[in-house]
Amino acid sequence: MAVGYKAVIWNGFKKSYLFSLWAVIAAFIASFVIMTSLTQPEGESFHPVQLVMRAFGFAGFALLTFILIIGPMARLTPRFKPLLYNRRHMGVSAFILMLIHAALVMVWYHGFSDINPLLSVLTTNPNYDRIGGFPFESLGLAAFLIIFLMAATSHDFWLANLGAPFWKALHMGVYFAFALLVAHVLLGLVQHEKSPLYAYWVLGSAGLVGALHLITGWREFAKDRRTGFKAKDGWVEVGPASDIPNDRAVIVPGEGRERIAVFRYDGQVSAISNACKHQNGPLGEGRIVNGCVVCPWHGYEYKPRDGRSPAPFTEKVATYKVGLQDGIVFVNTKALPAGTDVEPARIEEARA
Amino acid sequence: MSRKLIRDEDPGEYFVGYLDAPKVDRRYLLGLSVLGLGIAGGAGALLAKKQGGAGQGSWDMATQVTLSGYLSETPYPLLRTTGLDGSMQTVLLACDTKCGAQEKLAAASVAGDRVNVRGSLIQRGRHVMMAVANEDDWISADQTLPARLTGFDEEDLGMVELNGEILDSKCWFGAMRPNEGAGHKACAMLCIAGGLAPYFYARDRLGRSRAMMITDPEGHALVQPILRYVADPVRVTGRVHRIEDLLQLRLDPADLTRV
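Residue numbers (the numbering used here), protein chains in the order written: chain A, -14 to 337; chain B, -14 to 244.
Think of the hints as simulated: they come from the structure by calculation, not from any bench. Any given hint might turn out to be false.
[Said to hold, decoys possible] Here are the simulated distance ranges between beta carbons:
#1 A/154 / B/220: 40 to 50 Å
#2 A/140 / B/237: 36 to 46 Å
#3 A/137 / B/144: 54 to 64 Å
Keep in mind the model is a prediction, meaning the values are calculated, not measured. All C-beta atoms, glycine included, are put in the ideal place defined by N, C-alpha and C.
Let the sequences and hints guide you as you build the complete structure.
Set out below in C-alpha cells:
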C-alpha cells in the first residue's frame, strides 16, 4: 500500500520476479527462433521479420493464457499469491509482446501500400460473412485495443480515478480479449499450418482457462452448500469461536451476494465485508498481521473492528455486528455503513 | 471443526507483496522460474518444429543488376530477356513495395520495347521478378538489341480444371516467407490490387505444383473480380496459354469456386 502514486514500488522479490518473467519470455522466443531456423526445409527459411512476428505473437498468447490461470490457481494454492500480487507486470509484459507482434503485422502485411495500415486491417479482406478466409486480423486488433486499455490503466492511479466499478468492468474485458485471440489464432495460423498441434494448443489453452475458473467457482459453491450457513432473524450461526484459527477468518454469506469475513484475533471476534475495496479481493482468505486484516491479493489493510485502513490510508469496508452465545459465534447479516466501529465479541468474557 | 470452514493452506507464512517475501515463496519463485525456463524452451522448440515450410524464393535486395530485353506492359509489366542458355526468360517488373511497375513505366516514357532495366531480383526457381530501382534512370532504351521481326512463340495448351490458390507474384516469388494461406491473405490482396501480377498456384494430390500468371480469357490483366478469392482454396476452369517460357491461366472469374 502507498499513499502517493509511484510507477512501481520495487523490492527485492519483485525484481527477482520480473527478471525471472523476462528470462522465461526470452527463453521461449530464443528457442522458437533458433529451432525454426534449424528445422525449416532446405531453401525454405522464414523471412526474419515474419519469424520474429510469429515468435512474439505466440509468446503474447501463451503469457496471456498463464495470466488468466493465476486467479483460479491462487484460490487453489497460496503459492500462486505472489504471482497474483505481481500480475500487473505480467499483463504489461504481455501487452509489450503483442505490441511488437501487432506493429510488425501492420508494417509488414498492411504497410507499403497506398492504404492506411489500420484501415487495411479492417477493410482489405471483406470476407466477414465467411469462416474460411475471415479477416482474422480484425479480431487480433480488437483484442489488442482491449489489452492496450488495460495496460494503460493498470496502475492504481487509474483504479482510483476511474472508479472501481468502471475499472473492474474494463479489466474483466481480458476474458473477451482472450476469446478474440483464440478466434484470431484459430482462423489465422491454425488454418494455415498442417500440424494439429496448433489447434490443440489454442483450444487446450482456452479449455484450461475455462476449466480452472469452473473448478474454483464450483469449489466456492460447494463449500457454501456444505457449510450450510442459514440466517435466522438476521443472524447467522458461524460456529464455535475456538474453531476459527487465530488471526484468520471464516467466510459466511450475507444479504444478497454479500459475503462476510468473521475474524478471530486477540481473544475477540469481528466481522467485515469479504470484498476488498481495491479489487474485490477475498479479505476472509487473508490474515491479521500487526492488528490489521491484510488482503491476500495486494496487501490492502483494514482494522477488523471498524473496517478502516490505518492512517494515512482512507479505504474502508462495511462492518457487521457479532455476538457470542455459549461459545458460538453469531454475525448479523445487515451490513453497517463502511467504517462503522463495532465492539468486538470477547471470547474470554463470553466464556466467563 | 465439524464443518470445514477454513481453506487448507499453510498458515505458517503469509505473503504480503510490499513486505519481505516469506522464504517459502522465494523458494517457490525460484522453482517456478526454473520450471518456466524449461517449459518455455521446450514449448518454443516444439511449436517451431511443427511449422510447415515457409516457402522457397529469395529477394537479394543488396545486389542491383541490369537486364536487357523486350518490354511488355500487358497484361502486367514484364521484360523478356535471354537466359544464359539462349532461351527466353520472362522477368516480371515491380516497384519496391506492394505495386507493379505500371506507374514507373508511365512516368519513364521510353520509346520502343528494347530496353535496359535495373533493379534487384526476386527469384523462386525459374520464376523471376525485378523490383526496379528507385532512381529515374532505372530504365533506358537499348538499341543494341535486335528488333523483333516476328512475335513471341505462343501456344494454346488447352482447357484445364485446377485446384489451388490465388497468390500475388511478388511475395510468392520470395519477397515474403511464408507467402501463402490465411495469414498472408490481406497482404496478397493489397499486392494484387496494387498492380502486381496475380498467380495461380495449382497443386495436385501427388504434391506436384505449378504456378501460372492469371489473366482474363483474352489475356488481359485481371484484378478486381478475383480479389475476394485470393488466398482461399479454390477450383477453377480455364485455358492454359504459353508465351515463350511464361504460362498464363486465362480464366473467367465466374468459373472460380471455393473448395
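Checked against the structure, which of the hints given earlier come out wrong?
-> 2
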